[in-house]
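A.B. asks: The primary structure of each chain is shown beneath.
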Amino acid sequence: MKVQFKAKIPKEAKYIKDNEDSFRWSEKFGFAVLSDGASESFAAKVWSNLLVKKFLHTTTMDDAFLASIHEVYEDEINYQDLSWSKQAAYLRGSFATILALWENLEKTEVTVVAVGDSIAVLCKDNLSVDSFPYHESEEFTQRPKLLSTIPRHNEFLHSQDFLNTHQIRWPVDTTTHILLMTDALGAWCLKRIEENDPEWLSLLDLRNTPDFRKLVIKERKSGRMKIDDTSLLVLSF
Amino acid sequence: MYTSQITRSNPSAILFLIDQSGSMTDHMPAGTSKAQYVADVLNRSLYELTVRCTRSDGVRDYFHVGVLGYNSIGIVNGFSGELNANLMHPISEIESNPLRVEERIKKEPDGAGSYYEFKLKFPIWFEPRAEGGTPMQAALVRAAEEISQWCDDPNHMDSFPPTILHITDGESTDGDPEELAKQLQKLSTSDGQVLLFNLHLSSQNTDPILYPADEAALPNQYSKMLFRMSSPLPKQLITYAKDKDLAISNESRGFVFNADAISIVDFFDIGSKAIQVG
Chain A
1 MKVQFKAKIP KEAKYIKDNE DSFRWSEKFG FAVLSDGASE SFAAKVWSNL
51 LVKKFLHTTT MDDAFLASIH EVYEDEINYQ DLSWSKQAAY LRGSFATILA
101 LWENLEKTEV TVVAVGDSIA VLCKDNLSVD SFPYHESEEF TQRPKLLSTI
151 PRHNEFLHSQ DFLNTHQIRW PVDTTTHILL MTDALGAWCL KRIEENDPEW
201 LSLLDLRNTP DFRKLVIKER KSGRMKIDDT SLLVLSF
Chain B
1 MYTSQITRSN PSAILFLIDQ SGSMTDHMPA GTSKAQYVAD VLNRSLYELT
51 VRCTRSDGVR DYFHVGVLGY NSIGIVNGFS GELNANLMHP ISEIESNPLR
101 VEERIKKEPD GAGSYYEFKL KFPIWFEPRA EGGTPMQAAL VRAAEEISQW
151 CDDPNHMDSF PPTILHITDG ESTDGDPEEL AKQLQKLSTS DGQVLLFNLH
201 LSSQNTDPIL YPADEAALPN QYSKMLFRMS SPLPKQLITY AKDKDLAISN
251 ESRGFVFNAD AISIVDFFDI GSKAIQVG
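Chains A and B, in that order, are what the protein sequence lines are. Sequential numbering from 1 applies to the first sequence in the working numbering. Sequential numbering from 1 applies to the second sequence in the working numbering.
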């Protein structure tokens, strides 16, 4: 697996450091992880960063694993020193998506695990073949489940069909590309595919961040892309 | 229309318009005075709005907020202390300047079928106040002046349009306010017209009503008038409200009778996604 392109564009140009998307990858181990911290969270950036850091080398998503991440999160916050509004926001929690992908040892297949509305799009020979966990742009209007710092919000992880609904396997070969995207770009990409608009293919040709920024800003201005932190990883095999 | 995203570069505005007339000493069916109810609604709305804008690194100014109180003494800035100098304030200034911060005990489910209690700091910005008449027309004119100025600011021209939350028992003493309310709703940014929400407080022992679609079922002439003065809910707000499980139809208006108005604060999408709070 190779990371052919990766970039993130902040929601507001003035606040680059507040970009709450995070991603990491390891070509050596065939892993890539993306997370979108929900803006309306106390510490979305910290939480999404911790999630990708810890998810980079795991294939398990359970209570114990989340608890270990939560412990580090708690260490970064001193509740008693917070202002009244920060205490209240802290108690409501932080939320983030996770989109993790890893190759099997034979490098013939990838497993994708997704919680929330960050999506992966599978392309073969420059054609979109599948997407996960959403298949239609309309799905982005729903309220996604997210991983939270408040354990009771993560109860959906205990569902018996969790793996059936949150995990998929895709075959890969040298003609394969996989796009990992946060929601604004994901919704835009699926919409372009639905409308047979070839503009989404430009994502596969991106080689530098300024070109990606130009595309995102143009699409935001046209109203076709939601103004949100926007991240993309393009993987080739 | 009503699609502009609320960001720090593109904030929106909320103006609370508060009836502080003598009739607000009357009691609600549950026993509290209308004035006390208003103070509670205001304090909780500001709390909710502020917390929604708070991050680990501080309070983000997604909103400018003001309060206009009115009675026969005049139409005045409803804030005291530091906040009394100007009418509209970035939400971070509201956060920093409550009159006092109280400690309250809150119960939350512990995830194992039980509850745990903890102390929560709760700021107070307003005390109940009630005296004199109800110059609703004059109050709407003043609100229009302030909101017009906000919309004319080049920094706000493309913002999500301001929302006015008017809390009253509806008994205007300076004439019929309906036409003025319509004029007020004609003010706009490039993203749409000003939204006027009315919260009607009544001593009448009738079930609360939230966001009705017509006036037929409303209990008295004041409710019906305030319903007609209220903005139809834009499609985007209806979507968010439905998402939060509020019973709302496509014809609903921003009118609430004897009910909590906190849900109005929840209408605004200031995040990248709705979160599963609660």
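Everything labelled a hint here was simulated from the structure, so no lab data went into it. There may be inaccurate statements among the hints.
No farther apart than 27 Å at their CA atoms in a straight line, the calculated lysine-lysine pairs in the DSS-like style are these [unchecked claim]: (1) A:K124 - A:K17; (2) B:K242 - A:K226; (3) B:K244 - A:K191; (4) A:K145 - A:K107; (5) A:K226 - B:K244; (6) A:K145 - B:K224.
A.B. asks: Take the hints in turn and mark each one as holding or not.
C.D. replies: Outcome of the hint check:
| no. | hint | in the structure |
| --- | --- | --- |
| 1 | A:K124 - A:K17 | violated, 35 Å |
| 2 | B:K242 - A:K226 | holds, 20 Å |
| 3 | B:K244 - A:K191 | holds, 25 Å |
| 4 | A:K145 - A:K107 | violated, 30 Å |
| 5 | A:K226 - B:K244 | holds, 21 Å |
| 6 | A:K145 - B:K224 | violated, 40 Å |
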